[in-house]
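J.: Turn these sequences into a full structure, and let the hints steer you where they fit.
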Amino acid sequence: MISAYFQGTLETTKVCQECGTVSTTDETFQDLVLPILSKEGQSFNSIDECIATYFTHDNDVEDENGDRKSIQPMISCPKCMRDKPATKSTLFKIPPLVLCVQLRRYNNSGKKIDTSVKFPIEGMNLTHYVKIPSRAEEMAEDGSSNDSYGGFGAVGATKQPYQYVYSLFSIICHRGQL
35 MISAYFQGTL ETTKVCQECG TVSTTDETFQ DLVLPILSKE GQSFNSIDEC
85 IATYFTHDND VEDENGDRKS IQPMISCPKC MRDKPATKST LFKIPPLVLC
135 VQLRRYNNSG KKIDTSVKFP IEGMNLTHYV KIPSRAEEMA EDGSSNDSYG
185 GFGAVGATKQ PYQYVYSLFS IICHRGQL
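In this text, residue positions in the sequence shown follow my numbering: the first is 35, and each later residue adds one.
What the hints contain is simulated information worked out from the structure, not anything from laboratory work.
Accuracy of the hints is not assured; some may be wrong.
No farther apart than 16 Å at their CA atoms in a straight line, the calculated lysine to aspartate or glutamate pairs in the EDC-like style are these [stated by the list, open to error]:
#  : residue 1 : residue 2
1  : Lys122    : Glu45
2  : Lys122    : Glu52
3  : Lys152    : Asp60
4  : Lys165    : Glu45
5  : Lys127    : Asp65
6  : Lys113    : Glu52
7  : Lys122    : Glu61
8  : Lys165    : Glu52
9  : Lys152    : Glu52
10 : Lys122    : Asp60
11 : Lys127    : Asp60
12 : Lys127    : Glu45
13 : Lys118    : Glu52
14 : Lys165    : Asp60
15 : Lys127    : Glu61
T.: Right, dumping it as structure tokens:
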């Protein structure tokens, strides 16, 4: 019952930069653990920046000193038969009805990130982070074979039937030390 409200599915797609082979994995989740970027000269992030970093796979990671460095995502390519550089993207495949967000307040070395995060009370629109199913995927899902679709006549036409806009419901603030 709880999973019906809080569980969603993320789809991560990796594309081999050498041969173009696409690898897709689905992962269920009940909360998004968002990175908070430490920016020199800035005392805050917005929740939108944290979400954008999560979904765009900012290739910058923090080292043990809290410094950021860029890394290249890799894929074990089944066609090339070895590890290759890849592009990586993640989208909501099935967004949850209730989205729980956890802010990652510690870097990889255990140092606390004190940066404030601004967030809206209402109107956090995540629609552009939701995968739009292709016509072929929808036909496979519902078993239909009709080529016309909601006014679209072309196979492969896509739709975005819903807006995924979330409003703040509650905040849990933990106090203490790691």
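J.: Now tell me, hint by hint, if it's right for this structure.
T.: Each hint, compared with the structure:
A distance of roughly 11 Å separates the Cα atoms of Lys122 and Glu45; the hinted pair therefore holds under the 16 Å criterion. Annotation: proposed proximity of Lys122 to Glu52 holds, straight-line Cα distance about 14 Å (limit 16 Å). About 30 Å separates the Cα atoms of Lys152 and Asp60, which puts this hinted pair outside 16 Å; it is violated. With a C-alpha separation of about 8 Å, the suggested pair Lys165 and Glu45 falls inside the 16 Å cut-off, and the hint holds.
Under the criterion of a C-alpha separation no larger than 16 Å, the hint pairing Lys127 with Asp65 is consistent with the structure, at around 14 Å. The hinted pair formed by Lys113 and Glu52 meets the criterion: a straight-line CA distance of about 10 Å does not exceed 16 Å. Among the hinted pairs, Lys122 with Glu61 is consistent with the structure: their alpha-carbon atoms are about 15 Å apart, no more than 16 Å. Under the criterion of a C-alpha separation no larger than 16 Å, the hint pairing Lys165 with Glu52 is inconsistent with the structure, at around 25 Å.
Note on Lys152 and Glu52: the hinted pairing is violated, with a Cα-Cα distance of about 40 Å set against a maximum of 16 Å. With a CA separation close to 13 Å, the supplied pair Lys122 and Asp60 stays within the 16 Å bound. Distance restraint check for Lys127 and Asp60: the Cα-Cα separation of roughly 8 Å lies within the 16 Å cut-off, and the hinted pair is therefore satisfied. Distance hint between Lys127 and Glu45 is fulfilled; the C-alpha atoms sit about 6 Å from each other, no more than 16 Å.
Taken as a hint, the Lys118 and Glu52 pair is honoured in the structure, with Cα atoms around 7 Å apart against an allowance of 16 Å. This hinted pair checks out: Lys165 and Asp60 have alpha carbons roughly 12 Å apart, not beyond 16 Å. Distance restraint check for Lys127 and Glu61: the Cα-Cα separation of roughly 9 Å lies within the 16 Å cut-off, and the hinted pair is therefore satisfied.
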